[in-house]
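**Q** Between the sequences and the hints, there should be enough to build the whole structure, so can you do that?
Numbering (the numbering used here), first residue to last: 1 to 82.
If you are wondering where the hints come from, they were derived from the structure by calculation, not from laboratory data.
Don't be surprised by glycine CBs; every beta carbon is placed ideally from N, CA and C.
Wrong hints could be hidden among the right ones.
Label-pair distances were calculated between CB atoms; the ranges are [what the hints assert, rightly or not]: (1) G32 / F55: 43 to 51 Å; (2) G32 / A59: 29 to 37 Å; (3) R75 / R7: 38 to 46 Å; (4) A43 / K2: 25 to 33 Å; (5) P58 / R24: 17 to 25 Å; (6) K11 / A43: 44 to 52 Å; (7) K11 / R82: 35 to 43 Å; (8) K11 / F78: 36 to 44 Å; (9) V72 / L8: 26 to 34 Å; (10) G47 / W13: 30 to 38 Å; (11) R82 / P12: 33 to 41 Å; (12) F4 / S63: 27 to 35 Å.
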Amino acid sequence: MKRFLNRLLPKPWRSTVVTIPVIRLHGTILPGGGQFRPSLSLASTAGLIEKAFGFDAPAVAISINSPGGSPVQSRLIFRRIR
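**A** Listed below in structure tokens is the structure:
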């Protein structure tokens with residue numbers, strides 16, 4: 001709706017700001033959630049990924065701070081992003 005209304009405005013009044021969504025992921029990559037420490041899994045990151053890619057943006061920035069962990073969960077998260 002915003003894009004449609006933006007096209008109706010004269011060029012000097014149009015909004016040209018581009019917003020890039022950023023996904024910040026922190027923690028060890030584990031299949032189950034950690035109770036006392038942050039962990040990453042497909043279940044815990046799927047909502048963030050879907051929300052970020054749901055915007056009409058030219059790109060999505062992803063910041064991952066993880067010491068490593070499960071290669072299976074890493075692959076599942078990677079495939080969801082691709």
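**Q** Take the hints in turn and mark each one as holding or not.
**A** Against the structure, the hints come out as follows:
1. In this structure the supplied range 43 to 51 Å is violated for G32 paired with F55, their Cβ-Cβ distance being about 30 Å.
2. Range check, G32 to A59: Cβ separation about 32 Å, and the 29 to 37 Å hint holds.
3. Judged by the Cβ atoms, the range 38 to 46 Å given for R75 and R7 holds: they are separated by roughly 41 Å.
4. With their beta carbons about 32 Å apart, A43 and K2 fall inside the hinted range of 25 to 33 Å.
5. For P58 and R24, the Cβ-Cβ distance of about 19 Å falls inside the hinted range of 17 to 25 Å, so the restraint holds.
6. Checking the proposed 44 to 52 Å range against K11 and A43 shows it holds: the Cβ atoms sit about 46 Å from each other.
7. Under the hint 35 to 43 Å, the C-beta atoms of K11 and R82, about 37 Å apart, fit the expected range.
8. Evaluation of the 36 to 44 Å hint for K11 and F78 yields a pass: the beta carbon distance comes to about 41 Å.
9. The hint said 26 to 34 Å for the Cβ distance between V72 and L8, and at roughly 49 Å that hint is violated.
10. Taking 30 to 38 Å as the suggested C-beta distance range, the pair G47 and W13 conforms, at roughly 35 Å.
11. Restraint check, R82 to P12: a C-beta distance of roughly 40 Å satisfies the suggested window 33 to 41 Å.
12. The supplied range of 27 to 35 Å is met by F4 and S63, whose beta-carbon atoms lie about 32 Å from each other.
Comparing the model with each earlier hint shows violations of hints 1 and 9; every other hint is respected.
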